[in-house]
Structures are given as C-alpha cells and as structure tokens.
Amino acid sequence: MPNDKALRQHVIKLLKGGDAHVEFDRVVADFPAELQGKTPNGAEHSAWELLEHLRIAQWDILDFSTNPAYKLLDWPKDYWPETASPPDAKAWSMSVEAYGEDLKAMCALVEDEKTDLFARIPHGDGQTILREALVVADHNSYHLGQLLLLRRLLGAWK
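0 is the number of the first residue of the sequence shown in numbering that gives the first Met the number 0; add one for each residue after it.
Honestly, the hints are just simulated from the structure, not real lab data. As the structure is a prediction and not an experimental result, all values here were calculated from the model. C-beta: ideal position from N, C-alpha, C; glycine also. Keep in mind that the hints are not guaranteed to be accurate.
[Claimed, not checked] Ranges of calculated distance between the beta carbons of each label pair, as one might list FRET restraints:
#1 A118 <-> N40: 42 to 52 Å
#2 A42 <-> A118: 36 to 46 Å
#3 K113 <-> G144: 30 to 40 Å
#4 E110 <-> D62: 35 to 45 Å
[Stated by the list, open to error] Computed list of lysine to aspartate or glutamate pairs in EDC-like fashion (alpha-carbon distance at most 20 Å, straight line):
#5 K70 <-> D124
#6 K89 <-> D137
#7 K113 <-> D62
#8 K37 <-> E81
#9 K12 <-> E110
#10 K4 <-> E112
#11 K103 <-> D115
#12 K12 <-> D137
#13 K4 <-> E110
With the sequences and hints as input, model every part of the structure.
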C-alpha cells in the first residue's frame, strides 16, 4: 500500500513498547541473577521461564512470517524452557540479546516498504505480516506485564 507509512510506524512503536507499556529492556535490566529462577507464591512461572517463553514465541512468529520451510513447534512443550532457572550464568543475557535481535528483525520486516502487510503468508492459512506483528506486540505486552509484576513480588523493582 502506498500510503501505509503511518501504519508501519504505529506497529513498530507498538512492537518496541513505550507509551502505555514498559519497554522490554527496562523490565529485564539488572534483574538479579539470584532471583531469575525464583517463582514467588501465587506465580506460575519464574522470570527465566517468562523471558525464555517471550524469546521463543517471538522467534517462532518471526520464523513463521519469513520462512517458507517453517516447522510448527509442539505446544506447550517447545515454547517453555525445561528448567525454572537459567542453565548457566550467560543464559539470561543471551536470551535478552536474542529477543532484541528478533524484535529488530520483526520491526525491519514491518518497516520494509516491499513487505505487503496485508498479503497472506503463502505457507499459512490466512495470516498476514500485519497480523503476526500485532500478535507479537500483544503477546510480548502480556508477558512483559507478568515479568514486571514478578519483579515487584520478588522486591526487585523500584
């Protein structure tokens, strides 16, 4: 669409966060290592589980959106880490970095004027890039809210 620049800008802003939602980098920054695997009373997941779920789901949607050889993951097994705690000291930062790279790639896909936001993804069953970008933004927002609440419950949020 020749006049969809404003739509692209709005979707990218929604993907990156801000305005009504806290940004990903702010939620995960300086998350105490000793709390990354803790699950407070009443919570279903640890911070590590939420972070990895965010990363995996976003990667999966990006892969679906761009890969004609996309392979469907097994729900819920493939969308959650096997452990409540990061497997090593580098895992948290690697997950944060991978999330950021995939978010940049999704934003670049939306920003690219050659991307028809409304065209059906050929290997899908009616999905469009616009729909997938909105699903990423919605899903990320939901779980970032959970992660922020978890930080508060753990006493790790100012």
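Practice item. Any hints from earlier that this structure breaks? Give me their numbers in increasing order, please. Key: Checked against the structure, the hints that fail are numbers 4, 6, while the rest are satisfied.
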